[in-house]
Structure formats: structure tokens, C-alpha cells
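Asker: Okay, here's what each chain looks like letter by letter:
Number of protein chains: 2
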Amino acid sequence: MSTIEKKLLETRSNMQALQTAKPAVIKAVLKDIADALVAQSGKILTANRKDLAKMNPQNSLYDRLLLNEARLSGIAGSIQKVIRLKDPTNQTLTQRQLENGLQLKKITTPLGVVAAIFESRPNVVADIATLCLKSRNACVLKGSKDAAHTNKAIVNIIHQSLEKNGLPKSLVYLLPPERSVVDILFQATRTIDVIIPRGSNGLIEYVRSHSRVPVIETGAGVCHVYIHKDADIQMGIDIAVNAKTQRPSVCNAMDTLLVDEAIAKKFLTSLRQPFEEKQVVMHGDTKSMALLKEYPLIKKANADTYATEFLSLACAVKVVKNIEEALVHIEKYGTRHSEAIVTRNKKAAEKFLNTVDAAAVYHNASTRFTDGEEFGLGAEVGISTQKLHARGPFALEKLVTEKWMLRGSGQIR
Amino acid sequence: MSTIEKKLLETRSNMQALQTAKPAVIKAVLKDIADALVAQSGKILTANRKDLAKMNPQNSLYDRLLLNEARLSGIAGSIQKVIRLKDPTNQTLTQRQLENGLQLKKITTPLGVVAAIFESRPNVVADIATLCLKSRNACVLKGSKDAAHTNKAIVNIIHQSLEKNGLPKSLVYLLPPERSVVDILFQATRTIDVIIPRGSNGLIEYVRSHSRVPVIETGAGVCHVYIHKDADIQMGIDIAVNAKTQRPSVCNAMDTLLVDEAIAKKFLTSLRQPFEEKQVVMHGDTKSMALLKEYPLIKKANADTYATEFLSLACAVKVVKNIEEALVHIEKYGTRHSEAIVTRNKKAAEKFLNTVDAAAVYHNASTRFTDGEEFGLGAEVGISTQKLHARGPFALEKLVTEKWMLRGSGQIR
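Chains A and B, in that order, are what the protein sequence lines are.
Add 1 to a position in the first sequence, counting from 1, and you land on the number used in this note's numbering.
Add 1 to a position in the second sequence, counting from 1, and you land on the number used in this note's numbering.
Calculated directly from the structure, the hints in this document are not laboratory data.
Treat each hint with caution, since some may be false.
To be verified - Here are the simulated DSS-like pairs of lysine-lysine, each with C-alpha atoms no more than 25 Å apart in a straight line:
1. B:K23 with A:K23
2. A:K230 with A:K107
3. A:K107 with B:K32
4. A:K347 with A:K267
5. A:K106 with A:K82
6. A:K352 with B:K23
7. A:K51 with A:K23
8. B:K333 with A:K8
9. A:K107 with B:K23
10. A:K106 with B:K23
Said to hold, decoys possible - Cβ-to-Cβ under 10 Å is the rule here; a few derived chain B residues that face chain A:
11. G113
12. Y207
13. R248
14. V282
15. V329
16. D358
17. N365
18. T371
Remember, it's a predicted structure, so these values are computed and weren't measured experimentally.
Heads up, the beta-carbon is just placed ideally off N, CA and C, and yes, glycines get one too.
All chains, full assembly: derive it from the sequences and hints.
Answerer: If you want it as C-alpha cells, here you go:
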């Protein structure tokens, strides 16, 4: 057995300490972590500068890796919010007496040991560890080499806080940053209950295709805003501009704008100025190209355009005949993340809400709301685009499994 | 695009017809299937005899493949029970107004297209298809070559019933029985939402390691009955005998009997006669071997014994020092299926129920109760030993996913 396998077993064997800890103890651990992130910011920032020194500041990951006092306070603030969330474990889901007298009860329990594999952002260490501790899951963290010193400094603080409150520090285990260790995780079906990849599509796809341990995917979003013929034009403009430009780098931003033929001219004409102000590049089909020929940032859509998650100030545009064509397009190209219709027509809205197969469907609102905090669930591990276990914001309430308990008096079949 | 991929797309594109069908229509389809299985039993039995003619009657699969009037009536009876279950879709899970006025609602919706891959038993075709239709999921069925004629005859009846009630027959699509078609399923992430393998561990493992489509596993059970020092001896005997012998071929049967040292002599001595009557082979550790030396069917346990799912009239036996050793043993060897403690000591019972990591944990009852029907959930697809989505009996209520619906009046972030 390798050192890492031994450490994983140690983490697993201590799971019980967390599952039976008093709520006040868990609260104290989380509070101590939040306080220490601010009080010991010097140590963390020193470690962070070591990591940054190895990276070219022109690298797009540089800003993601960078910590400062303000960002540490932000992380501490998020932990304070997690403290206030309800413990999702030990909730009774079902309770009844069977005819044979067996007392049947189904409760929520922690998943057990949760492993997270993530890329440069150091806030992920604190986010995942605190969500896991709050839900009484032990966790195993695998960060990137780029952030190795920073991650270690943050985990040191988590370890201090665990030990200060009488819990074993192995409950949060930071793996060495070498890529090869993930192969051990992928085979660890007896010690790890679920693996959560957080980062690029490449990472998620790699984990999904190699792991024997179940994976919870937080996938890409190719999100549509559909302007129906009965839309309030100004509302449609506001929603399209918000969904595309308020934070273009995230998964719930708009990627494709679908516009009904009947109002395409009026709508696209009105959209020109606000989109030009924000410098949005539009990739159009033939019909929208014709209507937008004077728009300076128009490009011709190609075969890949409608399957693209842009993550930038660019989007696809398509003129559709009617709601049926819009629904077919979304079924073909959507990634089942977030989809919106803008219309004053209630029947069309209900048809859209019921037919579209996605984690979150909107009527007259921006797709940007798909988020654990916005939905009132607190911090999230990511947005799940899978259909099993968790769909949409994957928040604290889903870091649990179920357990059937049966209390009898000698029942046999 | 291959013919099979086109057929899968056709199945998917008709999903909506099922999702919007009136409850009475779905009920009529199921009733017609149940009636026709009996009324047209001749056709099915003729097809079944064609399949049986190709198999050696000595093959252990022969009896599984065999249909007769009584078995068809049994299948029809199961369908009648499914009809009476509650539609698990369109249930409201969460509903509230967010501060910004957005009306948030989380509902259950069908998974979409469910694929099942299974071995010889022809009842699986009817079971899975009717559970899927009841939960408004389209389904794709891949049976074995051995049962090809029988499966086709049953699916013909399902198709008749769908068409008679105005629904497209492509909602239930029987794939050709060639093994190579499963590779198309494994890659069909856009058309299939979940794959359920039903059969041997080999099949389940093959699907799990090759499928890019999410898999719901119904795994093996290495189940323990632990006789605590404060057990009622007679109750312990009754439970051990029932858990091992009432139906030894199933996953929730007992595989290992753990006995506290303090009562090992008394308990094992009392167990001899009932186990010998049922001809149960016991594989013992050194301590239990010493106590059972006069038992004619005793064998010495080896390195694999405690990880074995026997599925026959055989089990492992081990004498443990105390509950702690029992818990460590179960954590090491259990497959997180069903585990039982027999004791009059409430504290020990609660410790066991809370600590053991398994789908179903029992105090003073047989592990044989882990079953959808027994738990009052109706027919099941299998017993899930995974922690995500469904744990324990995987019944109708879990053949759904969730969808967030947000109704607004122009909300943007």
C-alpha cells in the first residue's frame, strides 16, 4: 500500500469523529478557519507570492491565483455564510411502520469522503473544505502545482482549527500536487465516495472518463435566450444584455440569442446600440446577418458556432420561424444548463418551461440567476448539468446520501 | 449516422408525447400490456420455446429464461401494481419567491430516455418498460441473444398497447441483441440520459467502466448479520437462518455471520442443528472452527472468504471480540448493501445503525427485507449500492430528475 493509500484510509477511518461531532464543534472549526484566514493573512500571502513568482503575469491564470487581503476577507465571509446554513445531515426523509411491525426510517447522512480535483483558484480549497466539514464529510483535495504553496498554507490553517477543536486533521487531506496521484483517487472505490472535478471542460472530461469512483460533474453551459414574437422588446434587450455582458466568463452567461422572425428586424435593430457599447461580437446566421449588416462586430456563424460556450463578449445569433424551431435548436445544441424565453404570451412561456430539458428554465428573466446563492441555497460546489443526484446549483443540501434504518423485534421473511 | 443512432433520436424526439400524456392514457397503456401478456400468452410462449430450444436445459440460465402461463400472470400482476403507484413526476420539491420577485420552483421531471442492459430474464423487459412508462420516461432495451425471440414478443405487445392509445411505439425501443450495439449506447450522451445495467457483476463492471452516459448501478451485496453479546439467542438463530436460507441466491441474503466472543459458544452450538437441516456450508476462522469442529459442513476460511458474495447455501463465520471489531470488519468487507445487528442492548444497536455505512441497516431483523416491495415503494429496478441519486431499493420514485423553473417579470443581475 502506498503512502497516499494509507493516508486515504486514515482520512476514512476518522470520518466517524466528524459524523458524531456536536454542532457547536463544527461551528467552532469553521469560525476558527474564517478568523485565521484573516489573522494569518501574512503567512498565506507569502506562500501565494512564492506561487505567483513562478508564473508569467501575462498568463490568464495569474489573476485567478492571486490572493490579497480583500480576497481573503471575501473567502472568510463565505465561510461565515456556510456557518449559518442548516446541517443537511440526519434529516428524516421518510418514516413509517411497515405491516410486519418494522420501523422504517430514511435519513440523510454524509457522503463519507469527498475528493475534489481542481485547478488554480485557491479559494476552492477553503470553499470545498468548509462545505464538506459543515456537511460532516471528510475531504481529500488535489490542487494544481501552480498553487501548491498557497493551498498548503490554507490547509495548514484548516488543520490548526480542526486540532484546536479536538478533531483529527486528517479529515481534510491535501494531496501532493503531482498529476499522477489522481490515478490513485480514480481507483479508490473503497476509501472515496465521490469525486468532484472543478475547472476546465478538459479536466472534467478526463476525470469522467478515467474514474471508477462516482463523479459529480459541474459542466459547461451553452445557454440560450429566446425572444418570442410576443416579447416586450425592451425587456428582451435588457435580459439579453445582462445575460451576455454582466459577467461573460461564467457558465450561466448567454451563448446564443434566438429571435422569432416576426420581430427579428425590430429587436435586432434595437439591440445594436447596447451590444456595440459593450463591444459584443455576434456570430449570425444568414437571416440575422442581413438584419445586422451595419453592425461592426458581426461575423458569419460556422458549423461549430451554435455548440460554442463563448465565456467572453461574443455570442451566436439565429433567427427562428417560431417556438417549435427554437425548441428544436435548444434540444440540439443546449447543454441542459440554463435557458430563457422572453414573452408576454403565457401559453408560449409555459410550453417553453415544460418542454426545455435543462437544469434551470426561465420566463422573462436572465439566465445569470442560476447560482446557489441566488437560489437561496448558499455556497455551491458548481452547477450540475447531469440529471442524477444534483441538478443545477450543487449546494450543501446535496452533499449527502440516504440511509435506510430498520428497527425490529425479530422480523424475518 | 447509423440506423441505431437514428432510432435513438426518434425515441428521444417522441419523449414529449409521453411527458404530456394524460394520466388516464398512461394507465390504459399499462393495463393493455398486462391484459395482452395473458391474452396473447400463446404467442409469447411460442417465442420463448424458440429461445429455450437453443439452450442446454442444464444451463443455470435455462430456468431464468423459461416462461409459462403462471410466470406471465405474475408479470401482469406486477404491472397492475405499478398502475396503482403514484406518478413520481411533476411533484413540487421547492417553491418560493426570491427577494427580487422571481418565482422559484423545483419540480420532479422524467429522466428522459432510460436505457437498460440486461441478461436472460425476460421479465426484465416488462418490468423496466412499465416502470419507465409510468414515470414518463422513454426507454431503450438491450437484452441478451438467448432471450431475443421472447423479448421481441413482449415488446410487440408493448408496441400494440402504445399505438392503441395513440402513443408512438418508438417510446420503447428494443435494440438488436448483438453485443456490439452497447458501444453505441455508451457514447450516446445526447440521446440517452442514464444507463441501468441489470445482471451479473461482470456486466455491471463492464458498463461502469465503458459508458460515458451516467450509470445507475445495482451492485452486489456482501451482507453481515452480527450477533452481539446481548442478543436474544433464539432471535439471532431465527434471523441468521432466515437471512441465509430463505432465498440464498439474492443480493440481500447473509454472507457473513459475525458473533461476539462472549456468546460464540452458546450461539454457534444452537445454530448447528438448524444450519445442518438446511445444509449450510460454513467457512470459519480459527475460533469458530474450534467451536464448530463437530459440524459436518465446516470449512476453513481463506483470504477471499470474507469478500465473497455466496449466492448459495454457504456463508462465512467469524468470532469477534466486540462491536468495535465487528464494525471494522463490516467497513472493510461490506459492500454497503444491507447489514444487521441482533441485540437487546439499545445503545449497541444505535451505535451500529449510526456507524455502519450501508444502504440499509437493521436492528433485530433479517437483511432479506431490503427490497422495494417490502419497503412499500413498489417494484424496483434493483438495489443501488452507490451513494448518489438512489441508495437501496431503486424504485419508481427515483426514475426522475429535478428541474428548476423561474418565472419573472424582467429580472436581471
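Asker: Taking 10 Å as the limit, does the beta-carbon of B:N365 come near enough to a beta-carbon in chain A?
Answerer: With a minimum Cβ separation of about 4 Å from chain A (threshold 10 Å), the hint on B:N365 holds.
Asker: Would the stated hint for B:T371 survive a check requiring a Cβ distance to chain A of less than 10 Å?
Answerer: Result: holds, 8 Å to nearest chain A Cβ.
Asker: When you check the alpha-carbon spacing of A:K347 and A:K267, does it fall within 25 Å?
Answerer: Status holds; Cα separation ~22 Å.
Asker: Hinted pair, alpha-carbon criterion (25 Å max): A:K106, B:K23. Please report holds or violated.
Answerer: Roughly 33 Å separates the two Cα atoms, so the pair is violated.
Asker: Please verify whether A:K352 and B:K23 have alpha carbons no more than 25 Å apart.
Answerer: holds, 16 Å
Asker: Checking hints one by one. Is B:V282 an interface residue toward chain A, by the C-beta closer than 10 Å rule?
Answerer: violated, 21 Å
Asker: Given the hint that B:K333 pairs with A:K8, does the C-alpha gap stay at or below 25 Å?
Answerer: With Cα atoms ~16 Å apart, B:K333 and A:K8 stay inside 25 Å; holds.
Asker: Any CB of chain A closer than 10 Å to the CB of B:G113?
Answerer: Status holds, d = 6 Å.
Asker: Between the alpha carbons of B:K23 and A:K23, is the straight-line distance 25 Å or under?
Answerer: Since the Cα atoms of B:K23 and A:K23 sit roughly 50 Å apart, the hinted pair is violated (cutoff 25 Å).
Asker: Are A:K107 and B:K23 close enough, with their CA atoms no more than 25 Å apart?
Answerer: It is violated: about 32 Å lies between the C-alpha atoms, which goes past 25 Å.
Asker: Does B:V329 pass the interface check with chain A, least Cβ-Cβ distance below 10 Å?
Answerer: This interface hint holds because 9 Å falls under the 10 Å limit.
Asker: For the pair we were handed, A:K107 and B:K32, check the Cα-Cα distance against 25 Å.
Answerer: Violated. A:K107 to B:K32 sits at ~32 Å, over the 25 Å cutoff.
Hints 1, 2, 3, 5, 7, 9, 10, 12, 14, counting from the list given before, are not met by this structure.
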